[in-house]
Amino acid sequence: MGASKLSGMQKQVLSLYRGFLRAARSKPTEDRKRIEMIVSTEFRHNSKEVDRKNFQYIEYLLRLGTKQLDQLKSPDIVSLSSVKVVASKT
Amino acid sequence: MAFGLIGRVVGTKPSRLSTAARLIPARWTSTGSEAQSKASSGGGGENLKTFQIYRWNPDNPGKPELQDYKIDLKDCGPMVLDALIKIKNEMDPSLTFRRSCREGICGSCAMNIDGCNGLACLTKIECGSKETTITPLPHMFVIKDLVVDMTNFYNQYKSIEPWLKRKTPASVPGKEILQSKKDRAKLDGMYECILCACCSTSCPSYWWNPESYLGPAALLHANRWISDSRDEYTKERLEAIDDEFKLYRCHTILNCARACPKGLNPGKQITHIKQLQQSG
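Those protein sequence lines, which keep their order, are chains A and B. For the first sequence, the UniProt record's numbering gives the first residue as 1, with consecutive numbering after it. For the second sequence, the UniProt record's numbering gives the first residue as 1, with consecutive numbering after it.
Hints are computed from structural coordinates only; laboratory data are not their basis. Bear in mind the structure is a predicted one, so any value in this text is a computation, not a measurement. Check the hints yourself; a few may be wrong.
Unchecked claim - Listed below are the simulated DMTMM-like cross-link pairs for lysine to aspartate or glutamate, each with C-alpha atoms no more than 20 Å apart in a straight line:
hint, chain 1, residue 1, chain 2, residue 2
1, A, 67, B, 211
2, B, 63, A, 36
3, B, 70, B, 90
4, B, 144, A, 51
5, A, 67, B, 59
6, B, 158, B, 239
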């Protein structure tokens, strides 16, 4: 298994991830796969890139994720899509 | 605000009005160039003022910092919002803040200036060489730089059901519900609220219980609907907020009345609700 005892923040992240996967289950199959793919890539990328002690940023991402999850839960929303943006330094 | 500009460069004002109809990007640059051309023709000598502004970028997240910017007050408008726009135009385009009407009616530019909450478009830049510190509204989650997350605040406003509720239909169907001048006067001091959140974010009680305490702004609006003579759900409204946390976290600290940029007194309205609860 993972860490022996998960901190409160880690539990929040995991419950957000579970929430996304549950919301994905209520959507049509094709969109469901796309949602699962996007969400899992995002979470895995952040878990590697973000410093474990950067609480402010992690809380910011949690709030952002919760808002997006609330939007996704609505029955009118069909699917998620993502665009890769390369930030230019101009 | 218009009176303060009479003594200053009058040339900038017409240009602002003419560019108001154009796209926002054009408006940013025209104000800056106009001000600069006027300043070069003015007298010599600079009047530099340092602004320390809270910066935090979610795209490059690190620790939030106070960044210094020097502004020449001779070619800048009198209000803090003018300084922020000048910094964004000329020095650092990545500075992020909310703004809309620039006349103190929309409530978008609410922020903490030198320790006091207020609207940037209504707060004059203090003369003198002291540094001005600009930070976002206290104890609110920061989205970027001076922009804060207002969703909790708006949800609390929504929760008091700020619309007219009636049990009986109007006496003349299709026409407005009549109200005497005296009854309308009861709403003065409450309807002017622009939901800028300056009062709620200045209340220490709201800092410690933001999710359960409604805050001065929402309670002011609750009183606005309770006092409205046309509304027939007064008893239900009073019962809905008759809660240990929703209403009675208020300990009449009265920071709200001090912070309100429109000069309203939310503390007084909360006391009125408490009195109604007592007698009802």
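Worksheet item: Where does the structure disagree with the numbered hints, that is, which hint numbers, in rising order?
Response: 2
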